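Go by the hints and put chain V onto chain D.
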Amino acid sequence: MRAPASELPIEFDSVTITSGAVRILDRVTVTLSPGAPTVVVGPNGSGKSTLLRAAMGLVKPSLGRITWAGRQDVPPQRRAIVFQRPTMLRRTAAGNVRYWLRSGSSATQQHIGRVQELLDLVGLAHLADRPARRLSGGEQQRLAIARALARSPMVLFLDEPTASLDPAGVKAIEDIITTVSRRGIKVVMSTHDIGEARRLADEIIMLHKGRIVEVAPASTFFSAPKTAEGRKFIAGELLI
Amino acid sequence: MSGDVSALTLLMRGDAALLSIVCLSLVVSLTAVLLATLVGLPAGALLALVRFPGRQGVIVVLNALMGLPPVVIGLAVFLALSRSGPLGSWGLLFTPSAMIMAQTILVAPIIAALTRQTLEDVWIEYRDELTAIDIGPAGRVVTLIWDARFSLVTALLAGFGRAAAEVGAIIIVGGNIEGFTRTMTTAIALETSKGDLPLALGLGTVLMAIVMAVNALAWTARRATERWIG
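Chains D and V are the protein sequences, given in the same order.
Okay, so the first sequence: first residue is 1 according to the working numbering, each after it adds one.
Okay, so the second sequence: first residue is 1 according to the working numbering, each after it adds one.
No wet-lab data here; the hints were simulated from the structure.
It should be emphasised that the depicted structure is a prediction, and the values quoted were computed from it without experimental measurement.
Be aware that a few hints might be false.
What the hints assert, rightly or not - Going by beta-carbon spacing under 7 Å, a handful of chain D positions derived as facing chain V:
1) Thr87
2) Arg90
3) Ser103
4) Phe222
5) Ala224
C-beta: ideal position from N, C-alpha, C; glycine also.
The following block holds chain D by itself, in its conformation from the complex (with noise of 0.2 Å):
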């Protein structure tokens, strides 16, 4: 079997996507490159969770083009993606799983190992055989990305994860992205909380109103903003 070619680097070039005559996303230009945590930052309604399904391939550009390493309209066999609120499928917790790693390209042979490989990477491997709908939010999440993971993708897009989560919630997910991301898969999660993105991000993406305000690495975004929204959003203001 051959080798599912890369999908890396995305690249956004001058992408607007709109819905009636709102603009969601407008003419956004931006590179996805292998690495570190891409964190995808901005208020409600800034056009995030589209950046992210964007770059996945569910939503097609109104205008502008998409690529995944040069070509368009790449099938996501080497991406995958967690919603902010992931719809569980009527199975249990390894069930789920296997739902998923079906769906990919690994011989049947291997998929126990890995389902409890992937279940134990998350923390939930005493509860493979708990309907996946009777977890609780947080567990719920975890299963998700252990979902995603068994497609093994090379960029995994985080919509929110954290949001409504408690701290031990938000720490077990942080844990598993940093995992993930040492281990090569390039991660680009959206989220407005600057603590996470302070603690997760390598490279800051900000958005307002459905357009790029700022692209940098967060070590330079957290120290000097370039833009009033950078700094707003930095001191906690409210950017509306």
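Using the frame of chain D, we list chain V on its own:
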């Protein structure tokens, strides 16, 4: 069968005539539900997942067909199967096969419409996840049917309820022939018209008991499996 002996007593005694009525009723209704499921389930799934021009109109018509008058279906099947009808050469009129055909036509829209609604609701939930992992149309149908299987049991039970309680269509195409096409519902209609109310009531009780037993069995199986896999 005598009017002064209840149907329940006859059933317990193993009365051959009554047992054949009960058996034929079950065979006709269950076969019709099975055939209607083979048609209605994929049709409902396609309607839930595939977008095409006129789809809303098809859904409206399908929902309306859930209320098909049995006597109208009976008449249509009668005309189709009668000697001068397009299917007259099959020689099925006044046979259990004709009764199964009529009930299948009655039940299929119920199963298709309920399947469509159920799967569409699950699809709304699953759409993002399945699209993100590039599951194709056939895989989506299989996944949705499997994950909605508990809810779909309700659609099948609704179909079975409709078939088991139906009298108008099967009396037209079956003819209520003793020992051949007489079912519980047609026997109840006959005994009532003859004034043998105790026997009619007894048959009604047996019919109710069977329908409730089937529903209870399905409910118990559903609860047990739900507890296991959520």
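Checked hints:
no. : hint   : in the structure
1   : Thr87  : holds, 5 Å
2   : Arg90  : holds, 4 Å
3   : Ser103 : holds, 4 Å
4   : Phe222 : violated, 31 Å
5   : Ala224 : violated, 37 Å
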